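Taken in order, these protein sequences are the chains called A and B. The opening residue of the first sequence carries number 1 in the working numbering; numbering runs sequentially from there. The opening residue of the second sequence carries number 1 in the working numbering; numbering runs sequentially from there.
Please keep in mind that the hints were generated in silico from the structure rather than gathered at the bench. Note that the structure is predicted; figures quoted are calculated from it, not measured. Treat the hints with caution; some may be incorrect.
No copy labels: a pair is met if it fits in one copy or bridges any two.
[Unchecked claim] Derived pair list, reagent style BS3-like, types lysine-lysine, alpha-carbon separation capped at 30 Å:
id	residue 1	residue 2
1	LYS234	LYS199
2	LYS206	LYS227
3	LYS196	LYS230
4	LYS189	LYS339
2 protein chains.
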Amino acid sequence: MVRVGVNGYGTIGKRVALAVLKQEDMSLVGIVKKTPDYAALQARRLGINVYAPTEDDVRKFEDSGVKVGGTLRDLLESVDVIVDATPGGMGEQYRKLYDQFKVKQVFQGGEKPEIAEVSFNSLCNYGEALGRRSARVVSCNTTGLLRIICTLNAHSPVEKVRAVVIRRAADPKEVKRGPVNSIELDPPKAPSHHAKDVKTVIPWVKITTVAVAVPTTLMHVHHVTLKVSKKLAKSDVIAILEAAPRVMLINAERTGITGTAGIVEASRDLRPRYDVPELVVFEDSLNVEDDEISLFQAVHQESIVVPENIDVIRALIPLELDPTKSIEKTDRALELNKKLW
Amino acid sequence: MVRVGVNGYGTIGKRVALAVLKQEDMSLVGIVKKTPDYAALQARRLGINVYAPTEDDVRKFEDSGVKVGGTLRDLLESVDVIVDATPGGMGEQYRKLYDQFKVKQVFQGGEKPEIAEVSFNSLCNYGEALGRRSARVVSCNTTGLLRIICTLNAHSPVEKVRAVVIRRAADPKEVKRGPVNSIELDPPKAPSHHAKDVKTVIPWVKITTVAVAVPTTLMHVHHVTLKVSKKLAKSDVIAILEAAPRVMLINAERTGITGTAGIVEASRDLRPRYDVPELVVFEDSLNVEDDEISLFQAVHQESIVVPENIDVIRALIPLELDPTKSIEKTDRALELNKKLW
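Next up, chain A with everything else stripped away, as it sits in the complex (with noise of 0.2 Å):
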């Protein structure tokens, strides 16, 4: 059992603690929180360990009733892996104190690169993580990007990539973010970090991306186009799509979902929170020209990056040399099946 500790109890934290719960080859040392607010106690009532980033912070749980097991540093010398999900760039504060200890470290796409020894998707090059001291996986919109291209790429080579990234304004509990009513270029000057980000992971590929940011905040909405080196029919696309992991085909048609608060309201019937950890495709807007491939997929920001963040921790330790098998354990320990119905 490897035995795992989560920093930070946030959008990505807490989905990642309770994702390690789920796995029968780890164990969840504890979290550390800042504050002790409702998902504190919220962690408390599933049995986790809670501990304070410092000192100081421990007192403050103690005062408002909430037991702590007490500090980072005391989660750090008795965990293997400390999976970092402190808010974007704080991760880099932390490196100098994971390394004392001598954990292996999982950061988020918020950090810089530079952080970790590989950026890392279990689709791409997981290969590139085992045994490695520290791995980042890349954020939600990169991480939806690099399974539609690895994907296809294992099938046809694809040659370049286009992509118009619509972003949702903030997360659902994110009440001071916006905008509210505009359709922001995310950023102005194209293109946008997304193209840079995913050649972190693979290098070689030649892509161009550009965002918007609109007034939603439910899931991101990519048009992806790939220019592919071996001529696929659209059949074959979609046989391709349906064998692959972690990425479900939604048919607009037939299952009357036509765009995101579709996808999460089908998912609200049946998932905890209305997590969609697979990259959705939607089949209908499918299309392949000549050797194009293009389409719109939609990215759950929340949840896309927890199956990647087990994986890579497999893949660290090393406790899985086979992308196949750790992706195969993750995704039936989280009940990814790949449809909503």
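Fit chain B to the supplied structure of chain A, relying on the hints for placement.
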């Protein structure tokens, strides 16, 4: 003086009517409105003659104390051109009546292309509308696409166009439309109708379009990629767009305008109803790679087709044979100066 009537006084109708009032070579005989609401009172306040569709409607107006000049038939007897700005699909029902009165006819993009002898855009095919009985001014998104295509095509033949259309959910007054919190594939099946609609004006172009609707009311945004046959430098493209009519270049870095809210906020300080009939191209987003030009552009759905509605009247009569001269007259009268500062 060409005598113009406008049937319908909604989003497009009122703007076209007010634009006609500003032209030196046109007179507005009157507008047709179905309901005696605040907009009817505003029209009266501006000294515009209001007509009602039928005798029954006339009585409704009289009952609520709004003076009317008669019915649609009365109006049709005294105009050379009728601009139909009734809700999409209703123009088809009115067409026979217009024919009966032997008036020239302008329809909007909500009607099927077959309704008129020609689908129209000032920058693309003004000449084809000269002396015709009827023309259809294509819709806002199609007009935006045609503006950029025909502007660039005049300098370097456009071989292929791809566009991702990010549509506003509803106009500001359409309180019953959505989505409120979703990115909706609109339509789920690629391509969207915009490609076909562009071809009603320039059948020679190779174009694919896809579209989503997002929860905002201000403007549409397009990401457009144009493959051109003669390589242009980025500076060439900027010079072409700066010199072109009805295209406004906005530099985000210099102006602080980074999206549709910024455009509208700047326009609110300068222009009635914050109308922006120019196609807005975001200069920072402009990218030239080999023979491909890509950019983000914004379309103010409520006003972009207004100048085209004026030009098409001059073409139908025909009052002006040279598109450049008509465009100049229209834009001077409407004070389209291509900037918001």
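Original post:
Among the hints numbered above, which are violated by the structure, and what are their numbers in rising order?
Top reply: none
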